[in-house]
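So the sequence lines, in the order shown, correspond to chains A and B. Heads up, our numbering is the position in the first sequence plus 76, with the first residue counted as 1. Numbering follows our numbering, with no gaps: position 434 of the second sequence is 416.
One or more of the hints may lead you astray.
Listed next, the in silico EDC-like pairs over lysine to aspartate or glutamate satisfying Cα-Cα at most 16 Å (straight line) [said to hold, decoys possible]:
no., chain 1, residue 1, chain 2, residue 2
1, A, Lys151, B, Glu55
2, A, Lys136, A, Asp116
3, A, Lys181, A, Glu168
4, A, Lys151, B, Glu6
5, B, Lys860, B, Glu780
6, A, Lys136, B, Glu55
7, A, Lys109, B, Asp17
8, A, Lys109, B, Asp18
9, A, Lys136, A, Glu173
10, B, Lys299, B, Glu155
11, A, Lys151, B, Glu780
12, A, Lys95, A, Glu147
13, A, Lys136, B, Glu53
14, B, Lys249, B, Asp539
15, B, Lys319, B, Asp539
16, A, Lys95, A, Glu168
17, A, Lys109, A, Glu140
Derived CB-CB ranges, DEER-like [claimed, not checked]:
no., chain 1, residue 1, chain 2, residue 2, range
18, B, Asp62, A, Ala174, 55 to 63 Å
19, B, Gly236, A, Ala178, 25 to 33 Å
20, A, Arg150, B, Leu40, 14 to 22 Å
21, A, Ala174, B, Asn(-1), 38 to 46 Å
22, B, Pro260, A, Ala174, 36 to 44 Å
23, B, Arg56, A, Glu122, 40 to 48 Å
24, A, Asp116, B, Arg56, 37 to 45 Å
25, B, Gln203, A, Ala174, 27 to 35 Å
26, B, Asp18, A, Ala174, 52 to 60 Å
27, B, Trp446, A, Glu122, 42 to 50 Å
28, A, Glu122, B, Trp67, 39 to 47 Å
Everything labelled a hint here was simulated from the structure, so no lab data went into it. From a predicted model like this one, the values you see are computed outputs, not experimental measurements. Heads up, the beta-carbon is just placed ideally off N, CA and C, and yes, glycines get one too.
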Amino acid sequence: MEHTSLELLRGTLDVIILKALVWGPMHGYGITKLIRRQTDDALLVEEGTLYPALWRLENKGFVEAEWGVSENNRKAKFYSLTELGRRQLQLETKRWEAYAAAVGKMLGAVRPPLAEEG
Amino acid sequence: MDPIPRWRRYARLTGPNAGADVDEELRFHIQAKIDDLVGQGMDPAEARREAERQFGDLETVRATGLRLGQERERRMEWKDYWAGWRQDVRYGMRTLRRDRSYAIITILVLAIGIGTNTAVFSVLNAVLLRPLPFAQPDQLVWFTSARDSIQSGKAAGGLSWVTYTVAAFEEFERNNRSFQQVTSYNPFFGNSEYTLRGAGEPQPVNGVMVAGNFFQTLGLQPVKGRLFTEEECQRGGRPAMLLSHGFWQRHFNGDPEIVGKNFAIGKESVTVVGVLPPSFDFGSVFSPGFRVDIYVPLIYDVVRNWGNTLAVVGRLKPTATIASAQAEADVLFPQFKAAHKEWWGDYTSSLSALREYVSGKLRRPLLVLWSAVGLIMLIVCVNLSNLLLARAAARSKEFAIRGALGAGRGRLFRQLLAENLVLTAAGATGGLALAIGLTRYLAHQESLALPLLSSVRVDGPALWWMLAMAAAWMLVFAIVAGFRISATKIQNALKDTGPGMSAGRGQERMRSVLVVSEVALACVLVVGAGLLLRSFLHVMDVDLGFDPSHAAVIRIDYDDSGDASRRGAILQETIRRIEEIPGVERAGITDMLPLGRNRSWGLAAKGVSYQDGEDRSALVRIVTPGYLEAMGIRLQKGRDFTWRDTAEGERAVIINETAARRFWHGQDALGRLAQQGRNEVRVVGVVADLRQHSLEQDASPEMFLPATQAYPEGAELVIRSRLDNDALAPAVMSTLRGFNPGQPAAPLRPVRGIVDLSVSPRRFFVLLVTGFAAIGLLLAAIGIYGVISYSVALRRQEIGIRMALGASGAQVQLDVVGRALRLALTGMVLGGLGSLAASSAISALLYGTEPTDTATFAAMVSLIAAIAAVAGYLPARKASRIDPWRVIRSA
């Protein structure tokens, strides 16, 4: 199970980060906490892997960063979604749903498909 | 979240630091984790270990962060840099909108400079630089015959001299080893040989006879159909023709089914076998100003005994050069001549690149034009620099204040560059539009006898040239602006009360230097243009020997079945009917008009002995009675032909004075007998020399033969009448049609047009150079005006005080105008020296005018002085109206 979650994570970490920022700006640590809580600790194995993904999203212009002050008064870098990021999230969500539905259909099949006629 | 306002902005103060950002962010992560773990009751030291374990490989993440951060920073810097430029351009546009007159003048002046340069470059490119529109044009060679005779002055030239007989051509074709192919065409194409019937009303068409391998040698493929077959180029072969692309479009509306159709040309039914590509314009390459509609096969067996009829072009083998081919020709032609004692002509040949033959003569005039527009561009740069300095003076405070507020010199410089970039872009766009307009206009000038003109357009190289001109101006600008900024002392500029007072004097000197050089440049242009203009007037003043005013000419068609007496009757009747039209004074027919195609035949006086090799040939015109009078040719002695000079009577000839002088060695030729070919002819008249080749070439020996005793090649009906051409044309056409329904719908052309076409290249150059000189002069005048106005503005107080002390307005005016004249005079002295150098460079283009022509120099210099005086007078008048009291009070 652990192995599976890691593989999945590589492809989907970007979209998960974008999703995490939908409700407002958040610092990196906040994002890890949110992902852990939301996925019951299934996805994030090492917290450090989040950051390179986050910075790449920043360089691509999907998120932007700004320094702010955290809940317990420490200087922290806050990330928020850009308009471009919001569009990207929609696109990725759709793509993911289509993918999941297709895989689900296959794995949920109970009998072999009918041979095509002719 | 409580954002620290724009933290990053302050980070920039100490320069970007991607590493520190990453460290800070990761430190926060670990610390927050520890806080959480401690909050859950973990021991602080244990919590730190646990936080780091959960984080994973801290060093790798940190290194990645550093790399990504630096990447981002670099991109930011670029963005900021461009944003800065954008900001400068926006700011520049705002300033320019405030300073509209400066912007408009700069853009206009730049557009003129860049536009004229691009247009002239386009012409130069099309005529001199771009390869001819043929396959591997460098291999094509032009043959000119009779080199030795012409060089030794024994032959006057003319088409009959420089062309070849079929025999000479065939000998060379057989024996040479330098050429892949040699081909020929018949350059004695008139416009009277072809009338097209079967497609609407009978149409005169311009046709040229080309050898069967003509198009193959040039490397041309038809866009429709095929080229001539071998059979079609044999005597008795099926009559075939090729259409030029333009004629196909114009006359047949691009009929896609044209190939295979038959039309009557003369008495033959001729099949259209193909259409040539639009890129091929025979006239523009081989015969500028002549439009070719159809091509028919040149059948060697038919023209074999016509004498020199072939213009020869060859394609070199890849291994041969023009020099090696020339060496071969120098050996071969004398051998042929030795083997054929009966050959009349001298076939020592001069071989040149086809390109050289087509446009070599234009190299010098075009380079002169190019230099002229180059001078214009120089004047433009000087003028705009001048304007720039004036403006910099007015803006020195603005810059001082911005400098004091922290803008570095680099930033101010960039600001100026951005501003000028906007102006230059606008000016270049205007220039491009001007150049496109000019080249379009030129390309459609069919009445301009310049080769390759129809292919003139603003193309890739011309665009590059335009960019180069714009870049040259930007460079000049950068130098002047840089010099100006580095010379500005912030404190001085701020301390000054008047605008630009302190920079004033030094700058005024610099501006004066600029104006002097501007005047000098304009002076060179104006004197050059003056000399060319005077040459042109001399050419126009030449005694043509005929009178083109009140004369018109139309091509006519008749069918005499080769019978001279029938021809006489037809022509006599035609002329009689035309002369019955009210308003027509005289009419006559010739087969070749002056200043057009020509041919020469042998002529020698009987009983006069000639030295060996002495030229015994004269140009031939075959004419009817009345032609001399209709054309306004002056009969000096003897009589005109009459209709009684028939084929049965004694053969008559009328010669020009040069022929009389040359062949009778000074004795009176009238009434004497001469040998003309196989015939004995009697000189019945002597006419004044007329210009045959061009207005600038002296007359060659010439003879006129009666149309009733010789075979004319076509017929041009010349009509002398006081009537307007438009009024005359319908009457002439209906008369001709009433007599001969097959008369083609040829236009009635004023004879003046023939003269105009002949002088059109010179007129073209003179017009352009004069135009450029006028532009240069105008720019120089603006320069003088600007500097004098500025100096008046600077001296307001001084002038006010002088007037208060009793100086009159007239004295002040004199003083200011005197200053303008001093500037102009210095410029003129320098420019005069430059003009002497320039005029000797163009001396080859002058006609009847010395390069040091005093009258021209004097006239041009007074013109410049007058313009300088006007340019100085306007500010002078302003100065004399200064109210002394107001000036002194305001001081």
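Results of checking the hints against the structure:
1. Distance restraint check for lysine 151 (chain A) and glutamate 55 (chain B): the Cα-Cα separation of roughly 21 Å exceeds the 16 Å cut-off, and the hinted pair is therefore not satisfied.
2. Between lysine 136 (chain A) and aspartate 116 (chain A) the alpha-carbon distance is near 29 Å, which puts this suggested pair outside the 16 Å criterion.
3. For the hint pairing lysine 181 (chain A) with glutamate 168 (chain A), the CA-to-CA distance comes to about 20 Å; that exceeds 16 Å, so the pair is violated.
4. Between lysine 151 (chain A) and glutamate 6 (chain B) the alpha-carbon distance is near 8 Å, which keeps this suggested pair within the 16 Å criterion.
5. The hinted pair formed by lysine 860 (chain B) and glutamate 780 (chain B) meets the criterion: a straight-line CA distance of about 14 Å does not exceed 16 Å.
6. At most 16 Å may separate the alpha-carbon atoms for a hinted pair to count; lysine 136 (chain A) and glutamate 55 (chain B) meet this at roughly 13 Å.
7. Annotation: proposed proximity of lysine 109 (chain A) to aspartate 17 (chain B) holds, straight-line Cα distance about 13 Å (limit 16 Å).
8. A threshold of 16 Å between alpha carbons decides the hint, and for lysine 109 (chain A) with aspartate 18 (chain B) the separation of about 11 Å falls inside it, so the pair holds.
9. As the CA atoms of lysine 136 (chain A) and glutamate 173 (chain A) are separated by approximately 23 Å, the hinted pair breaks the 16 Å bound.
10. Taken as a hint, the lysine 299 (chain B) and glutamate 155 (chain B) pair is honoured in the structure, with Cα atoms around 13 Å apart against an allowance of 16 Å.
11. With a C-alpha separation of about 68 Å, the suggested pair lysine 151 (chain A) and glutamate 780 (chain B) falls outside the 16 Å cut-off, and the hint is violated.
12. Proposed proximity of lysine 95 (chain A) and glutamate 147 (chain A) is contradicted: the alpha carbons are some 22 Å apart, above 16 Å.
13. Proposed proximity of lysine 136 (chain A) and glutamate 53 (chain B) is supported: the alpha carbons are some 11 Å apart, at most 16 Å.
14. The suggested pairing of lysine 249 (chain B) with aspartate 539 (chain B) holds, with an alpha-carbon distance near 12 Å, which does not exceed 16 Å.
15. Of the pairs offered as hints, the one joining lysine 319 (chain B) and aspartate 539 (chain B) is violated, with about 39 Å between alpha carbons and a cut-off of 16 Å exceeded.
16. Proximity of lysine 95 (chain A) to glutamate 168 (chain A) is assessed by CA-CA distance (about 10 Å); at most 16 Å being required, the pair is judged to hold.
17. A threshold of 16 Å between alpha carbons decides the hint, and for lysine 109 (chain A) with glutamate 140 (chain A) the separation of about 20 Å lies outside it, so the pair is violated.
18. For aspartate 62 (chain B) and alanine 174 (chain A), the Cβ-Cβ distance of about 41 Å falls outside the hinted range of 55 to 63 Å, so the restraint is violated.
19. One distance hint, 25 to 33 Å for the beta-carbon pair glycine 236 (chain B) and alanine 178 (chain A), is violated here, with the actual separation near 58 Å.
20. For the pair arginine 150 (chain A) and leucine 40 (chain B), the beta carbons lie near 18 Å from each other, so the given range of 14 to 22 Å is met.
21. Remark: the range hint 38 to 46 Å for alanine 174 (chain A) to asparagine -1 (chain B) is upheld by a beta-carbon distance near 43 Å.
22. Checked against the given bound of 36 to 44 Å, the beta carbons of proline 260 (chain B) and alanine 174 (chain A), roughly 55 Å apart, lie outside it.
23. Separation of arginine 56 (chain B) from glutamate 122 (chain A) is about 29 Å and departs from the stated range, judged on CB atoms against 40 to 48 Å.
24. Separation of aspartate 116 (chain A) from arginine 56 (chain B) is about 41 Å and conforms to the stated range, judged on CB atoms against 37 to 45 Å.
25. In this structure, glutamine 203 (chain B) and alanine 174 (chain A) break the distance hint of 27 to 35 Å, their C-beta atoms being roughly 56 Å apart.
26. For the pair aspartate 18 (chain B) and alanine 174 (chain A), the beta carbons lie near 38 Å from each other, so the given range of 52 to 60 Å is not met.
27. The hint said 42 to 50 Å for the Cβ distance between tryptophan 446 (chain B) and glutamate 122 (chain A), and at roughly 58 Å that hint is violated.
28. Hint check: glutamate 122 (chain A) to tryptophan 67 (chain B), Cβ distance near 44 Å, so the stated range 39 to 47 Å holds.
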